[in-house]
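Whole structure, please, built from the sequences with the hints as guidance.
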Amino acid sequence: MREGGGPASDAAERVARGSYGKLVAFLAQRTRNVAAAEDALADAFAAALADWPRSGVPDKPEAWLLTVARRKLIDAGRRARRRDEAADDLRRVAEELEAAAASASEIPDHRLALMFACAHPAIEAGIRAPLMLQVILGFDAATIASAFLVAPQTMGQRLVRAKHKIAQAGIPFRLPERAELGERLDAVLEAIYATFAEGWTDPAGTEARRRNLAEEGIWLGRLVASLLPEEPEALGLLALMLHAEARRGARRDAEGDYVPLAAQDPALWDAALIGEAETLLAQASARQSIGRYQLEAAVQSAHAVRRRTGRTDWAAIAQLYDALWQLTASPVVALNRAIALAETESPAAGLAALAALGDDPRLKEYQPYWAARAGLLARKGDIAAAEDAYVMAIGLESDPAVRRFLQRRRAALRDAR
Amino acid sequence: MKYFLLIYQNEPALEAARQADRDQVHAAYGAYTEALQKAGILRGGDALERSSIATTVRVANGKTQVLNGPYAETREQLGGYYLIDVPDLDTALSWAARCPGASHGAIEVRPLRPM
Numbered sequence: 001m002r003e004g005g006g007p008a009s010d011a012a013e014r015v016a017r018g019s020y021g022k023l024v025a026f027l028a029q030r031t032r033n034v035a036a037a038e039d040a041l042a043d044a045f046a047a048a049l050a051d052w053p054r055s056g057v058p059d060k061p062e063a064w065l066l067t068v069a070r071r072k073l074i075d076a077g078r079r080a081r082r083r084d085e086a087a088d089d090l091r092r093v094a095e096e097l098e099a100a101a102a103s104a105s106e107i108p109d110h111r112l113a114l115m116f117a118c119a120h121p122a123i124e125a126g127i128r129a130p131l132m133l134q135v136i137l138g139f140d141a142a143t144i145a146s147a148f149l150v151a152p153q154t155m156g157q158r159l160v161r162a163k164h165k166i167a168q169a170g171i172p173f174r175l176p177e178r179a180e181l182g183e184r185l186d187a188v189l190e191a192i193y194a195t196f197a198e199g200w201t202d203p204a205g206t207e208a209r210r211r212n213l214a215e216e217g218i219w220l221g222r223l224v225a226s227l228l229p230e231e232p233e234a235l236g237l238l239a240l241m242l243h244a245e246a247r248r249g250a251r252r253d254a255e256g257d258y259v260p261l262a263a264q265d266p267a268l269w270d271a272a273l274i275g276e277a278e279t280l281l282a283q284a285s286a287r288q289s290i291g292r293y294q295l296e297a298a299v300q301s302a303h304a305v306r307r308r309t310g311r312t313d314w315a316a317i318a319q320l321y322d323a324l325w326q327l328t329a330s331p332v333v334a335l336n337r338a339i340a341l342a343e344t345e346s347p348a349a350g351l352a353a354l355a356a357l358g359d360d361p362r363l364k365e366y367q368p369y370w371a372a373r374a375g376l377l378a379r380k381g382d383i384a385a386a387e388d389a390y391v392m393a394i395g396l397e398s399d400p401a402v403r404r405f406l407q408r409r410r411a412a413l414r415d416a417r
Numbered sequence: 001m002k003y004f005l006l007i008y009q010n011e012p013a014l015e016a017a018r019q020a021d022r023d024q025v026h027a028a029y030g031a032y033t034e035a036l037q038k039a040g041i042l043r044g045g046d047a048l049e050r051s052s053i054a055t056t057v058r059v060a061n062g063k064t065q066v067l068n069g070p071y072a073e074t075r076e077q078l079g080g081y082y083l084i085d086v087p088d089l090d091t092a093l094s095w096a097a098r099c100p101g102a103s104h105g106a107i108e109v110r111p112l113r114p115m
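From first to last, the protein sequence lines stand for chains A and B.
Residue numbers in the first sequence follow the working numbering, run continuously in steps of one, and reach 417 at the last position.
Residue numbers in the second sequence follow the working numbering, run continuously in steps of one, and reach 115 at the last position.
Treat the hints loosely; a few may be bogus.
[Stated by the list, open to error] For lysine-lysine, the following DSS-like pairs were computed, each having C-alpha atoms within a straight-line distance of at most 27 Å:
#1 K364/A / K380/A
#2 K364/A / K38/B
#3 K22/A / K60/A
#4 K22/A / K165/A
#5 K22/A / K72/A
#6 K38/B / K2/B
#7 K380/A / K38/B
#8 K72/A / K165/A
#9 K2/B / K364/A
[Unchecked claim] Short, incomplete list of chain B residues facing chain A, as computed with Cβ under 7 Å:
#10 R18
#11 D21
#12 Q24
#13 A31
#14 Y32
#15 A35
#16 A39
#17 L89
#18 D90
#19 L93
#20 S94
#21 A97
#22 S103
#23 A106
No lab work stands behind these hints: they were computed from the structure.
Only a predicted model underlies this, so the values are computations on that prediction, with no experimental measurement involved.
Glycine residues also receive a C-beta, built at the ideal position from the N, C-alpha and C atoms.
This is the structure in structure tokens:
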């Protein structure tokens, strides 16, 4: 349901997308089978995307979709005639659907329960975000595979396996108990952030598919924040994504070349998104329960300060990364902490902090580590070592615009020699 | 597992490129090769002369045919390869995406058949 063109089909797609996850969740709760729910809905959505752009979006689009899906279920029931139990099951669900489609009230929204099922601890961590994109937003396996840099066939198989697992292991479609909500919510938020981050790696928005991913991540973040407004980390994650999204337009110059954060013109940042992020962060911190996403959003907020004061609040950033390090012990956090240290103290202090990280195998093939190292070495005047580090950064980068930027930095070093 | 990263590129576009851009791509390949070496996964690799230099030979019904040019005339031609040894396809794909050729043409990732 990704293809399309023209305002009429865009409108149809918007409505269909808003309904897709809701209807999958509604059906899956009854059949306990995500794949069967998707099958029943696939034709309904294909029909909608063909019909709605021509004849307009119906008054009750979800009822319209359910009616078509119901016919499909009845057909499946006939085919399964000999397997009585399955047929009964399908008939029962079809009847429930008819009742739901006919009733005046809204279809109940079980999307959050479906997201918790997708991010269940029994589901392999790496497939949670792709699974959510598929069942909540209706992305096809090939699109998800491209975004996550996995072979399409492999992605298809992993998604099928994960849905089997949900059905066979009896993973429940409900909100976790209060006692385990925090931990389980982390997994949901992590999958949403993974979605956003994949989209974020294509800041120019040249690849429509990836650009969509950042938007879809925000869309999922908004959904969770609206369904769980009491959870500070859900608000924190949304604030973090909005802060990052606010800078999208400033990350490329007129020629399409990469502009690093420090060189961006704050006037190009989106004030409305920043404002929304700040409000969310304030709401979250009122709950007095600090967490990873709130801290990361606060880092972005300290960068956004430059829009008002002309100066980045590096002291606050260094403190926030200290707190994040306590919480996560992530090497990427440690890297950012070293970069902040270089600003609050000296490039040498930053380099010393980086040196302590040098043995971490998780950073050896991480482009930002090498770029940061190169930048600090250059500022300290160690040109030869800086050049070597730039070579590694260039070799590890996959975005051509960032690669050109790093190459120019390296060339500038050589010219200065 | 060993994988070939086969680099397909648009030859006319490459030849039409400005010298500065060509130098930039060349340097990017140098950095990429070094990153592969440092990661300890590089097993081989070379660049090929352009496809118009190729000669294609086949023997049909006992008769040898020699043709000027590449096996297939397509817009994108094999221009070089890397041979890497990595644990799985996902890792191979992440290295393929970093290859400078991925942003100009396409990289075909082909596992070697185990002997």
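Hints, verified against the model:
no.: 1; hint: K364/A / K380/A; result: holds, 22 Å
no.: 2; hint: K364/A / K38/B; result: holds, 9 Å
no.: 3; hint: K22/A / K60/A; result: holds, 14 Å
no.: 4; hint: K22/A / K165/A; result: holds, 21 Å
no.: 5; hint: K22/A / K72/A; result: holds, 18 Å
no.: 6; hint: K38/B / K2/B; result: holds, 17 Å
no.: 7; hint: K380/A / K38/B; result: holds, 24 Å
no.: 8; hint: K72/A / K165/A; result: holds, 24 Å
no.: 9; hint: K2/B / K364/A; result: holds, 21 Å
no.: 10; hint: R18; result: violated, 13 Å
no.: 11; hint: D21; result: violated, 9 Å
no.: 12; hint: Q24; result: holds, 6 Å
no.: 13; hint: A31; result: holds, 4 Å
no.: 14; hint: Y32; result: holds, 4 Å
no.: 15; hint: A35; result: holds, 3 Å
no.: 16; hint: A39; result: holds, 6 Å
no.: 17; hint: L89; result: holds, 6 Å
no.: 18; hint: D90; result: holds, 6 Å
no.: 19; hint: L93; result: holds, 5 Å
no.: 20; hint: S94; result: holds, 6 Å
no.: 21; hint: A97; result: holds, 4 Å
no.: 22; hint: S103; result: holds, 4 Å
no.: 23; hint: A106; result: violated, 13 Å
Going through the hint list in order, the structure does not satisfy hints 10, 11 and 23.
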